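Protein chains: 2
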Amino acid sequence: MKRLVLLAILFGAFSCTRPDLPKLLQTATWIDLTHDFDSTTVYWPTDVNFRHDTVFYGITEKGYFYSSFKYAAEEHGGTHFDAPVHFHQGGNSIEKVPLAQLHGPAVLIDVSKECSQNRDYLVTANDITNWESRHGRIPEGAIILLYTGYEKYWNDHLRYTGTLKKGAEGVADLHFPGLSPEASTWITANRKVNAIGLDTPSIDFGQSKDFQTHRILTAAGLTMYENLCNLDQLPSAGAYIVALPMKIKGGSGSPLRIVAILPPK
Amino acid sequence: MKRLVLLAILFGAFSCTRPDLPKLLQTATWIDLTHDFDSTTVYWPTDVNFRHDTVFYGITEKGYFYSSFKYAAEEHGGTHFDAPVHFHQGGNSIEKVPLAQLHGPAVLIDVSKECSQNRDYLVTANDITNWESRHGRIPEGAIILLYTGYEKYWNDHLRYTGTLKKGAEGVADLHFPGLSPEASTWITANRKVNAIGLDTPSIDFGQSKDFQTHRILTAAGLTMYENLCNLDQLPSAGAYIVALPMKIKGGSGSPLRIVAILPPK
Chain A
1 MKRLVLLAIL FGAFSCTRPD LPKLLQTATW IDLTHDFDST TVYWPTDVNF RHDTVFYGIT
61 EKGYFYSSFK YAAEEHGGTH FDAPVHFHQG GNSIEKVPLA QLHGPAVLID VSKECSQNRD
121 YLVTANDITN WESRHGRIPE GAIILLYTGY EKYWNDHLRY TGTLKKGAEG VADLHFPGLS
181 PEASTWITAN RKVNAIGLDT PSIDFGQSKD FQTHRILTAA GLTMYENLCN LDQLPSAGAY
241 IVALPMKIKG GSGSPLRIVA ILPPK
Chain B
266 MKRLVLLAIL FGAFSCTRPD LPKLLQTATW IDLTHDFDST TVYWPTDVNF RHDTVFYGIT
326 EKGYFYSSFK YAAEEHGGTH FDAPVHFHQG GNSIEKVPLA QLHGPAVLID VSKECSQNRD
386 YLVTANDITN WESRHGRIPE GAIILLYTGY EKYWNDHLRY TGTLKKGAEG VADLHFPGLS
446 PEASTWITAN RKVNAIGLDT PSIDFGQSKD FQTHRILTAA GLTMYENLCN LDQLPSAGAY
506 IVALPMKIKG GSGSPLRIVA ILPPK
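From first to last, the protein sequence lines are chains A and B.
Just so we're aligned: the first sequence equals residues 1 to 265 in the numbering used here.
Just so we're aligned: the second sequence equals residues 266 to 530 in the numbering used here.
For reference, chain A alone in the conformation it holds in the complex:
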């Protein structure tokens, strides 16, 4: 019997106390939350579209195939990252955001029902605390993701943004859901999170005239992710987010490649 105890303890010690992180990550399920960048990618109505031009494509004079391109864009289009300096003077630019702020446990808040009934829906503090009543307190370093359901309209710009107009006229006609200033204030005052992301073009709703939510969040040092996708594939809790923006020195924002990791079953 003593041997059994010893065996059980040894089993615990050897098989468990050092979980194999590389193995866990290799066998986890990875989900891409990123849209492609191309000429149809959604940008703000005042922005120009994403450019991708051929430098060379074909067989070189030495006889082998070669292809290379160049790209150009505004920082704040497509699936992208907002650094605190976007709306807060003296806030971190992209390269200064600590690596520890670029990953964290996902808190998935599903507001797709509300948003399907109201293009101008503003996510409330109550939507956040409702999540907590089901899944527990938002953990420190969390990444809050708001699933509005608008990701499915990505290829239909009219439904996705509310307008096909460009310039100031287009800006006036933007209609899509966002996070309310009230919820932003509640989050920054009461929880310690790394970032907030969603599947619309902006964390402020389309009809915002003063970008209060951006201002509240960036003043508190938070970062934001906009134009995400595949949020419908995430559980309410349990996923882990790795969000790596292009490291532009002095950048107020940049293209973001963002993935969710679901622990192996």
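By construction, these hints were calculated from the structure, which means they are not laboratory data.
Any given hint could turn out to be false.
[Said to hold, decoys possible] Some chain B residues close to chain A (C-beta under 10 Å, calculated; not the full set): (1) L289; (2) D303; (3) T306; (4) G343; (5) G486; (6) L509; (7) G516; (8) P520.
[Stated by the list, open to error] The calculated lysine to aspartate or glutamate pairs, modelled on EDC-like cross-linking and capped at a C-alpha distance of 20 Å, are: (9) K113/A to D127/A; (10) K514/B to E151/A; (11) K96/A to D318/B; (12) K514/B to D32/A; (13) K70/A to E397/B; (14) K165/A to D120/A; (15) K417/B to D297/B; (16) K474/B to E434/B; (17) K165/A to D47/A; (18) K70/A to D36/A; (19) K23/A to E405/B; (20) K530/B to D20/A; (21) K361/B to D32/A.
Values in this document were obtained by computation on a predicted structure and should not be read as measured data.
Positions of the beta carbon are idealized from the N, C-alpha and C atoms, including for glycine.
Given the coordinates of chain A, work out where chain B should sit on it, guided by the hints.
Below, chain B without anything else, positioned relative to chain A:
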């Protein structure tokens, strides 16, 4: 005594069989292997420099701070990712590279001594098998990182690339280490890896005239990372790499944000 066995088993079952992946990732050490993008970033001698232009910076007419920029660059400069289509017709472009190929256990091969004595050093199959003789067979899905030590010359373009000349003249004068075609053939024939990266401007050494290493690796579906940094902070084995390139549709390459995760002690 029976109770002790039960307790020990329960201890094992509850504390161990489901390792907490989010907790592990939050308490791991994360290392950024990415250089900043700015006007001094290293590009090929035939390329133009990285551009980052101000769209707006200051106080808006509504009284709040706002900053926004735009960027433009060639795909293959700075810390970047090479997709198979860069040198292999029909190979995957960036957005088609499976997510499973964008992460894996790191295999760190230190050739800094050889490269400090020879700017034109070509990493050999023997350098790879020497690593295996000390650390075991390269695991499936691994990411091989070649530490040449040239990362420390990043801010000194002459020492980093071998030349300050531009255009074809500059290309002729490039001198920096790379991976030999012989080692590339050995790796693709004998091991199943996701990617190979290094801390120089190209996986082919500076004096390459026909980019054989690129051609061998891309033909086998491998991806490449160039201009990495902080490889001196990695252990020979045990780190896990997450390498997320900007998702440019049809891209032959793109800016890469790459991190290493070291399991908690």
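Each hint tested on the structure:
Because the smallest distance between the Cβ of L289/B and any Cβ of chain A comes to about 6 Å, under 10 Å, the interface hint for this residue holds. Because the beta carbon of D303/B sits about 4 Å from the nearest beta carbon in chain A, less than 10 Å, this interface hint is met. At a threshold of 10 Å, the smallest CB-CB gap from T306/B to chain A is about 9 Å, leaving the interface hint in force. Interface restraint check for G343/B: the shortest CB-CB distance to chain A comes to about 8 Å, inside 10 Å, so the restraint holds.
A hinted interface residue such as G486/B counts as satisfied when its beta carbon comes closer than 10 Å to some beta carbon of chain A; here the least separation is about 15 Å, so the hint is violated. Interface hint status for L509/B: upheld, as the beta-carbon distance to the closest one in chain A is roughly 4 Å, under 10 Å. Nearest Cβ of chain A to the Cβ of G516/B: about 6 Å, under the 10 Å cut. The hint holds. With a least beta-carbon distance of about 4 Å to chain A, the hint placing P520/B at the interface is held under the 10 Å criterion.
Between K113/A and D127/A, the direct Cα distance comes to roughly 12 Å. Compliance with the 20 Å bound is thereby established for this hinted pair. Under the criterion of a C-alpha separation no larger than 20 Å, the hint pairing K514/B with E151/A is consistent with the structure, at around 18 Å. With a C-alpha separation of about 19 Å, the suggested pairing of K96/A with D318/B holds against the 20 Å cut-off. Proposed proximity of K514/B and D32/A is supported: the alpha carbons are some 14 Å apart, at most 20 Å.
Restraint check for K70/A and E397/B: not satisfied, since their Cα atoms lie roughly 39 Å apart, outside the 20 Å limit. For the proposed pair K165/A and D120/A, the alpha carbon gap of about 18 Å is at most 20 Å, so the pair holds. Taking the CA atoms of K417/B and D297/B, the gap is near 15 Å; set against the 20 Å cutoff, the hint holds. Pair hint K474/B plus E434/B holds up; C-alpha atoms about 13 Å apart against a cutoff of 20 Å.
A C-alpha spacing of about 12 Å is found between K165/A and D47/A, which places the hinted pair at or below 20 Å, so the restraint holds. As the CA atoms of K70/A and D36/A are separated by approximately 16 Å, the hinted pair is consistent with the 20 Å bound. The hinted pair formed by K23/A and E405/B meets the criterion: a straight-line CA distance of about 11 Å does not exceed 20 Å. With a C-alpha separation of about 11 Å, the suggested pair K530/B and D20/A falls inside the 20 Å cut-off, and the hint holds.
Proposed proximity of K361/B and D32/A is supported: the alpha carbons are some 12 Å apart, at most 20 Å.
This entry does not satisfy hints 5, 13, going by the numbered hints stated previously.
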